[in-house]
Structure formats: C-alpha cells, structure tokens
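Kindly produce the complete structure, drawing on both the sequences and the hints.
Going letter by letter, the sequence shown gives residues 1 to 338 in the working numbering.
Quick caveat, the hints were computed from the structure, so don't treat them as lab data.
Check before you lean on any hint, since a few could be wrong.
To be verified - Label pairs and their calculated CB-CB ranges: (1) 269 - 334: 30 to 38 angstroms; (2) 332 - 46: 27 to 35 angstroms; (3) 128 - 181: 29 to 37 angstroms; (4) 118 - 293: 48 to 56 angstroms; (5) 333 - 18: 42 to 50 angstroms; (6) 118 - 267: 20 to 28 angstroms; (7) 22 - 188: 16 to 24 angstroms; (8) 328 - 87: 25 to 33 angstroms; (9) 181 - 121: 20 to 28 angstroms; (10) 201 - 17: 19 to 27 angstroms; (11) 44 - 183: 35 to 43 angstroms; (12) 201 - 122: 54 to 62 angstroms; (13) 217 - 181: 38 to 46 angstroms; (14) 146 - 90: 16 to 24 angstroms.
Claimed, not checked - Below are the BS3-like pairs computed for lysine-lysine, each with C-alpha atoms no more than 25 angstroms apart in a straight line: (15) 198 - 129; (16) 139 - 150; (17) 139 - 124; (18) 198 - 124; (19) 139 - 17.
Small disclaimer: the values here were computed from a predicted structure and weren't measured.
Cβ coordinates follow ideal geometry from the N, Cα and C atoms, glycine included.
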Amino acid sequence: MLSESNTETYRISLPSKGRLAEDCLEFLAASGLRIYKPNPRQYEAVIPALPDLRVLFQRATDIVTSVMNGSVDFGITGLDVVAELQGHDQEIILLHESLGFGGCSLNLAIPETWDNVWAINDLKVYASKLDRPLRVATKYPNLASKFFEKQGITTQLIANEGTLEIAPAIGYADMICDVVSSGVTLRDNRLRMLEGGKILDSQAVLIANAATLRKQPEALRIARILIEYFEAHLQARDKLAVFANMRGDSPESIAQLIFDNTTIVGLQGPTISPVIVRNDERQWFAVNIIVPRSKLYQSINELRAIGGSGVIVLPVTYIFDEEPPRYTRLIQNLQSIP
Numbered sequence: 001m002l003s004e005s006n007t008e009t010y011r012i013s014l015p016s017k018g019r020l021a022e023d024c025l026e027f028l029a030a031s032g033l034r035i036y037k038p039n040p041r042q043y044e045a046v047i048p049a050l051p052d053l054r055v056l057f058q059r060a061t062d063i064v065t066s067v068m069n070g071s072v073d074f075g076i077t078g079l080d081v082v083a084e085l086q087g088h089d090q091e092i093i094l095l096h097e098s099l100g101f102g103g104c105s106l107n108l109a110i111p112e113t114w115d116n117v118w119a120i121n122d123l124k125v126y127a128s129k130l131d132r133p134l135r136v137a138t139k140y141p142n143l144a145s146k147f148f149e150k151q152g153i154t155t156q157l158i159a160n161e162g163t164l165e166i167a168p169a170i171g172y173a174d175m176i177c178d179v180v181s182s183g184v185t186l187r188d189n190r191l192r193m194l195e196g197g198k199i200l201d202s203q204a205v206l207i208a209n210a211a212t213l214r215k216q217p218e219a220l221r222i223a224r225i226l227i228e229y230f231e232a233h234l235q236a237r238d239k240l241a242v243f244a245n246m247r248g249d250s251p252e253s254i255a256q257l258i259f260d261n262t263t264i265v266g267l268q269g270p271t272i273s274p275v276i277v278r279n280d281e282r283q284w285f286a287v288n289i290i291v292p293r294s295k296l297y298q299s300i301n302e303l304r305a306i307g308g309s310g311v312i313v314l315p316v317t318y319i320f321d322e323e324p325p326r327y328t329r330l331i332q333n334l335q336s337i338p
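Laid out in structure tokens, this is it:
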C-alpha cells in the first residue's frame, strides 16, 4: 500500500496532552501507525510506517487553526472544537467523523438549586424574568450563540478558557456551556445538565486542509492511507475469526447448513476448504467465518449444532474494504469545492 518515500514531507497534528492525547496514541498504534517519539519532551515525532508524514503535538484548538491556515496538512482532534472554529471555512475537510474515542457532548449545565428549571422551556421562562441577559460561561461562544439564538434566549456569553464549573458558584456566570463526558465534575460542583440542552455530540475526528488535498496528489495518497488503516481497524475491533472442522458431502452442503443460521454467515459468506485426513470415509471441511465479538458464544453453539468441532477463535486486526467509502466520499467532496 505504501510507495517509496517522496521528497515532500507532510504534517499531521495530534493532541499534546490529556486523555484525548493518550487515546489518540493508542488508537494509532492499534491501527498499525505507531508513533515513535525519541524524546518525550519534544513536540515532534514520526510514524515509521509513514515516513512522509511528520507528527506535531498541539493543543486541540490549535490543531484546527493550523489545519485551517495550511501550516499543518492533517489533524486529529475533537469534533467539538472543529465545529466551534470552522464556521463556513471550506479549507477544513472532514476525512473521518467517528474515530471511536474522545467521546463527549457539549451541554448546558445549571446550578442544582434552580428547582424550577429542568428543561429548555423552563430556562426560557427563567431568562424572561431576568432584568438582564442570562450570563453563560463557555469555551464555545460560536456554538452556544447559535443555540441560544435558535431558542430565542437573550444571553451574555462569557468566554473563559479556564475551569468553567466554578463560575456559577462565584457569581461569574449564571450557568455554563461545556463538554461533558461522565458528568462527575458537574455533580461535584453542584451542577446538572439541562434537558434539551445538548448542543453537540462529539468524538475524535480526522481533518485535513482541502487545498493541500486538491493540489497535491501525494497528500491525497497519504489521506487514503490514513482512512484505510483507520477504517480497517475500526471494522475489525469488534470482530473475531472462528475456525472449525465439519463433516459433509461438499462445500455447498456445508455452506447451506451455515446459511440456515443467523450468526455464522460471515462477512460475505463462509470460507470452506477441504481437510486432508487419514482413514475416514466421510469428507472433512475447514470452515472460517468472521463473527461479532458480542455473539461469539452464540456462534460457537450454532457451529456445534450443525456438526462443527475443534473450534478455534482468533482476534481480527484489520478488515480492508475493496474501496474505502470515506475515501470515495472525500474525492466527491473535493470536486464539489469551488
């Protein structure tokens, strides 16, 4: 899949700290794109499997800005910061919208003491009785302003890059708009989420500079490699390969027994091949199927019920599509950008 190294070097920015950074490195390693960082204090690294791609480490918000202005070609960061900073800028293009880690949601949170406010309609009533705009502390002024404008609530947004949860307690704001993962921090600070106050579901995404992809075929090649590896890993991580031996008259008869069951049909179908045995009048066949991890025991029982024996189970590392759907969509999106 990888061609010889090109003289052109491209750059990808990854989160520099926190849980998102840790999960990102684990995800890349599991996808076959391990990061090599000789000095842990450096903000640069390499991917041995992709020598044409240089790795930089930045804050989540700086990743979006760098990709937007073209100083970095690719980036992995949260969808929340992309949605907040991108606006109508078409120079950022989404290559993969669900990498499966960094999950959180952008929510409105209010003090627990607001006994009469539980849902967004209650907040409208509460805000209408104030003799001033509702004060909301947030790191997401663009997304928050659009949400409140749509709800018809007059607000004063207070931009704050620090800890937001303390703002209502010290009188700095009436409520907050922030990302929530488990909700523990909100509860610890006597805040609760507002029903109907979710603005956005977020997780880690892969982004790129659209101009770079349009103008440089080598960058597009790297984009395809990233998409391929990510998709192959994500498709395989909840799958298992199951092998079993079965007696039968032909591969077709074995296949029919398998197709009569609901779990063991595999991806397109089972792989069936003859087994060479000694001193047995009936034919033996080896069956190989891919099954969901959550249905392993059901699959084994279905195989046993139709005569399967000697069942072996192995993890699946990658499942590569004939053509990655997200890459096909990327080409279409690039062609539609003026």
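Right, here's what the structure says about each hint:
1. Between residue 269 and residue 334 the beta carbon distance is about 35 angstroms. The supplied range of 30 to 38 angstroms therefore holds.
2. Distance hint for residue 332 and residue 46: a CB-CB separation of about 32 angstroms, consistent with the stated range 27 to 35 angstroms.
3. The given range of 29 to 37 angstroms is respected by residue 128 and residue 181, whose C-beta atoms sit roughly 32 angstroms from each other.
4. Under the hint 48 to 56 angstroms, the C-beta atoms of residue 118 and residue 293, about 39 angstroms apart, miss the expected range.
5. Checking the proposed 42 to 50 angstroms range against residue 333 and residue 18 shows it is violated: the Cβ atoms sit about 30 angstroms from each other.
6. Range check, residue 118 to residue 267: Cβ separation about 46 angstroms, and the 20 to 28 angstroms hint is violated.
7. A C-beta distance of roughly 22 angstroms is found between residue 22 and residue 188, which places it inside the suggested range of 16 to 24 angstroms.
8. About 26 angstroms separates the C-beta atoms of residue 328 and residue 87, a value consistent with the hinted range of 25 to 33 angstroms.
9. In this structure the hint that residue 181 and residue 121 lie 20 to 28 angstroms apart at CB holds, the actual value being about 26 angstroms.
10. Taking 19 to 27 angstroms as the suggested C-beta distance range, the pair residue 201 and residue 17 conforms, at roughly 23 angstroms.
11. Between residue 44 and residue 183 the beta carbons are some 36 angstroms apart, a value that agrees with the proposed interval 35 to 43 angstroms.
12. In this structure, residue 201 and residue 122 break the distance hint of 54 to 62 angstroms, their C-beta atoms being roughly 23 angstroms apart.
13. Against the hinted window of 38 to 46 angstroms, the Cβ-Cβ separation of residue 217 and residue 181 comes to about 39 angstroms, which satisfies the hint.
14. Taking 16 to 24 angstroms as the suggested C-beta distance range, the pair residue 146 and residue 90 conforms, at roughly 18 angstroms.
15. With a CA separation close to 23 angstroms, the supplied pair residue 198 and residue 129 stays within the 25 angstroms bound.
16. Pair hint residue 139 plus residue 150 holds up; C-alpha atoms about 19 angstroms apart against a cutoff of 25 angstroms.
17. Annotation: proposed proximity of residue 139 to residue 124 holds, straight-line Cα distance about 22 angstroms (limit 25 angstroms).
18. Distance restraint check for residue 198 and residue 124: the Cα-Cα separation of roughly 15 angstroms lies within the 25 angstroms cut-off, and the hinted pair is therefore satisfied.
19. Under the criterion of a C-alpha separation no larger than 25 angstroms, the hint pairing residue 139 with residue 17 is consistent with the structure, at around 18 angstroms.
Violation of the numbered hints given earlier is confined to hints 4, 5, 6 and 12; the remaining hints are satisfied by the structure.
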